[in-house]
Amino acid sequence: MRVSVQTAVFDLGTESNAFAASVPTAGAIVTFTGVVRDNAGTLSAMEIEHYPGMTEKAIAAMIEQAITRWTLTDALVIHRYGRLAAGEPIMMVATAAPHRGDAFAAAEFLMDYLKSRAPFWKKEIGADGAAWVAALSSDEAALTRW
Amino acid sequence: MRVSVQTAVFDLGTESNAFAASVPTAGAIVTFTGVVRDNAGTLSAMEIEHYPGMTEKAIAAMIEQAITRWTLTDALVIHRYGRLAAGEPIMMVATAAPHRGDAFAAAEFLMDYLKSRAPFWKKEIGADGAAWVAALSSDEAALTRW
Amino acid sequence: MIDVLYFAWVRERIGLPRERLDTAARTVRDLIAELTAREDRYALAFADLTSLRVALDQELSNFDAPLQGIREVAFFPPMTGG
Amino acid sequence: MIDVLYFAWVRERIGLPRERLDTAARTVRDLIAELTAREDRYALAFADLTSLRVALDQELSNFDAPLQGIREVAFFPPMTGG
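Protein chains in written order, with the numbering used here: chain G, 45 to 190; chain C, 45 to 190; chain B, 17 to 98; chain S, 17 to 98.
If you're looking for bench data, these hints aren't it; they were derived computationally from the structure.
Positions of the beta carbon are idealized from the N, C-alpha and C atoms, including for glycine.
Check the hints yourself; a few may be wrong.
Said to hold, decoys possible - Examples of chain B residues toward chain C, derived with CB under 10 Å:
{"id": "1", "residue": "Leu21"}
{"id": "2", "residue": "Ala24"}
{"id": "3", "residue": "Arg27"}
{"id": "4", "residue": "Gly31"}
{"id": "5", "residue": "Gln74"}
{"id": "6", "residue": "Glu75"}
{"id": "7", "residue": "Leu76"}
{"id": "8", "residue": "Ala81"}
{"id": "9", "residue": "Pro82"}
{"id": "10", "residue": "Gly85"}
{"id": "11", "residue": "Glu88"}
{"id": "12", "residue": "Thr96"}
What the hints assert, rightly or not - Which stretches of chain G does chain S cover? Using the computed rule of at least three CB atoms under 8 Å from a CB of chain S, they are:
{"id": "13", "stretch": "47-59"}
{"id": "14", "stretch": "97-107"}
{"id": "15", "stretch": "150-162"}
Unchecked claim - Over the 12 Å line for every Cβ pair with chain G, so calculated as not near, a few chain C residues:
{"id": "16", "residue": "Met45"}
{"id": "17", "residue": "Gln50"}
{"id": "18", "residue": "Gly97"}
{"id": "19", "residue": "Gln109"}
{"id": "20", "residue": "Ala179"}
Required output: the full structure, derived from the provided sequences and hints.
Here it is, written out as structure tokens:
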């Protein structure tokens with residue numbers, strides 16, 4: 045298990061390969077990457093705040109829970125904080141398992157929990173000001189399926 | 045959309061980065077990679093046969109179907125055939141979407157269809173002979189959820 | 017004339033990957049009966065149809081499908097991709 | 017003495033990221049009442065508890081939880097990670 049809460053940008057390819065190399069006996073590897081989107085072309089940056097200490101513990105607990113629920117070989121979570129530019133990766137989750145169903149389910153579970161239970165707060169900074177991203181009720185609702 | 049049916053090994057990291065770079069407006073990217081597993085330590089290779097012509101058409105049709113069902117920015121399928129060594133990647137699926145739910149669902153859908161509807165046949169070659177991999181009824185059953 | 021293709025253990029049992037046949041078979045099932053009557057290796061390959069799949073002109077089909085207008089028939093076991 | 021941390025717009029409304037308080041509050045709700053009574057900026061931050069979350073010693077908790085033995089209380093809006 046690796047949890048990295050970092051300001052530095054990460055490389056999806058490098059991280060995917062390193063994770064895959066670390067799980068030679070897994071048949072199935074799933075990755076999820078979240079990217080700073082600029083739909084309207086008005087976003088100049090995203091600012092992410094987090095709760096140092098709690099963040100790492102909360103994510104580690106989520107991974108522990110995933111390992112208990114599914115047959116996983118390993119899991120990885122990288123989540124950035126600080127100032128991110130449009131197009132940059134925000135975070136990634138990777139799961140490895142003997143079978144694809146477990147790898148997919150654990151990755152979705154980790155995503156749903158990261159969305160609503162890991163202490164991160166996003167602020168979108170545009171040309172005409174900044175606004176905290178509101179939590180979606182659909183994200184909260186997604187937790188009920190687990 | 046890219047479909048590649050190839051003998052050459054591919055690099056998960058390189059392919060993931062190229063795919064991500066091709067979808068700058070997608071907020072969510074999911075990849076699935078299948079790897080030749082050697083559980084018992086007795087597998088010397090995997091031989092994959094396919095049906096040239098039909099394979100490419102069948103996979104393209106699966107992706108078209110995924111694009112119809114979910115809001116996808118793009119999708120990629122790479123599937124190898126020929127002789128593969130243990131630890132090598134067999135295939136990968138990548139999906140990009142504005143939202144994570146669509147990216148995950150489309151990737152799982154493509155995997156379920158690739159398992160049972162794309163004309164590939166796997167043969168495991170071990171120290172004491174070779175055997176065609178039997179189709180799993182659970183893979184066939186997985187299709188009913190879509 | 018019709019191209020008949022065999023894959024995986026069907027190909028191995030019949031001993032060739034493809035052949036060109038002159039047939040009057042009206043359906044896939046007729047064609048299978050014709051082949052089965054020819055030689056033991058065909059009879060062996062087609063012994064259990066539940067473990068076989070068929071594609072007509074590269075589209076999955078079924079054993080009762082008509083062959084009229086079809087140029088390529090392929091027989092193979094259930095697929096194991098992914 | 018207890019450390020009280022504020023994040024995101026709670027931090028912005030209150031105007032500081034953390035402070036050390038000497039409090040006799042028995043529950044989170046008591047602490048909020050005490051802070052709200054202090055200054056408008058606290059009243060503003062705690063005006064709508066449904067839009068707030070609380071963590072005690074870095075574990076998510078609730079407003080009725082006792083503060084006994086707790087060293088660190090954090091207030092923040094619903095999380096938006098991922």
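Comparing the hints with the structure gives:
1. Using the Cβ-Cβ criterion of 10 Å, the hint placing Leu21 (chain B) at the interface with chain C is satisfied: the shortest such distance is roughly 7 Å.
2. The beta carbon of Ala24 (chain B) is positioned within 10 Å of a beta carbon in chain C (closest approach about 4 Å), and the interface hint is therefore held.
3. Interface hint status for Arg27 (chain B): upheld, as the beta-carbon distance to the closest one in chain C is roughly 8 Å, under 10 Å.
4. Restraint check, Gly31 (chain B) versus chain C: the minimum CB separation of about 15 Å is more than 10 Å; hint violated.
5. Look at Gln74 (chain B): its Cβ gets to within about 4 Å of chain C, closer than 10 Å, so that hint holds up.
6. Evaluation of the Glu75 (chain B) hint against chain C yields a held restraint, the C-beta minimum of about 8 Å falling below 10 Å.
7. Because the closest C-beta pair between Leu76 (chain B) and chain C is about 7 Å apart, less than 10 Å, the hint holds.
8. Hint status for Ala81 (chain B) relative to chain C: violated, with the closest Cβ pair at about 16 Å, above 10 Å.
9. Checking Pro82 (chain B) against chain C: minimum C-beta separation of about 19 Å lies over 10 Å; hint violated.
10. Proximity of Gly85 (chain B) to chain C is violated relative to the hint, the smallest CB-CB distance being about 17 Å (cut-off 10 Å).
11. Taking 10 Å as the C-beta contact cut-off toward chain C, the hint placing Glu88 (chain B) at the interface holds, the least distance being around 9 Å.
12. The interface hint given for Thr96 (chain B) holds, since its Cβ lies 5 Å from the closest Cβ of chain C, which is under the 10 Å cut-off.
13. Interface restraint, the stretch 47-59 of chain G with chain S: violated (0 residues with C-beta to C-beta distance below 8 Å; minimum three).
14. Beta-carbon proximity to chain S at under 8 Å applies to 4 residues in the stretch 97-107 of chain G; the threshold of 3 is reached and the given coverage holds.
15. With a cut-off of 8 Å between beta carbons, the stretch 150-162 of chain G has 6 residues touching chain S; three or more are needed, and the interface restraint holds.
16. Every CB of chain G is more than 12 Å from the CB of Met45 (chain C) (nearest about 19 Å), matching its label as outside the interface.
17. With a least CB separation of 18 Å from chain G, Gln50 (chain C) remains clear of the 12 Å interface cut-off, as annotated.
18. Every Cβ of chain G is farther than 12 Å from the Cβ of Gly97 (chain C); the closest lies at roughly 27 Å, confirming the non-interface assignment.
19. Distance check for Gln109 (chain C) against chain G: the nearest CB is about 18 Å away, which clears 12 Å, and the non-interface claim stands.
20. Non-interface call for Ala179 (chain C) relative to chain G: holds, since the shortest CB-CB distance, roughly 15 Å, exceeds 12 Å.
Against the hints set out earlier in the document, violations occur for numbers 4, 8, 9, 10 and 13.
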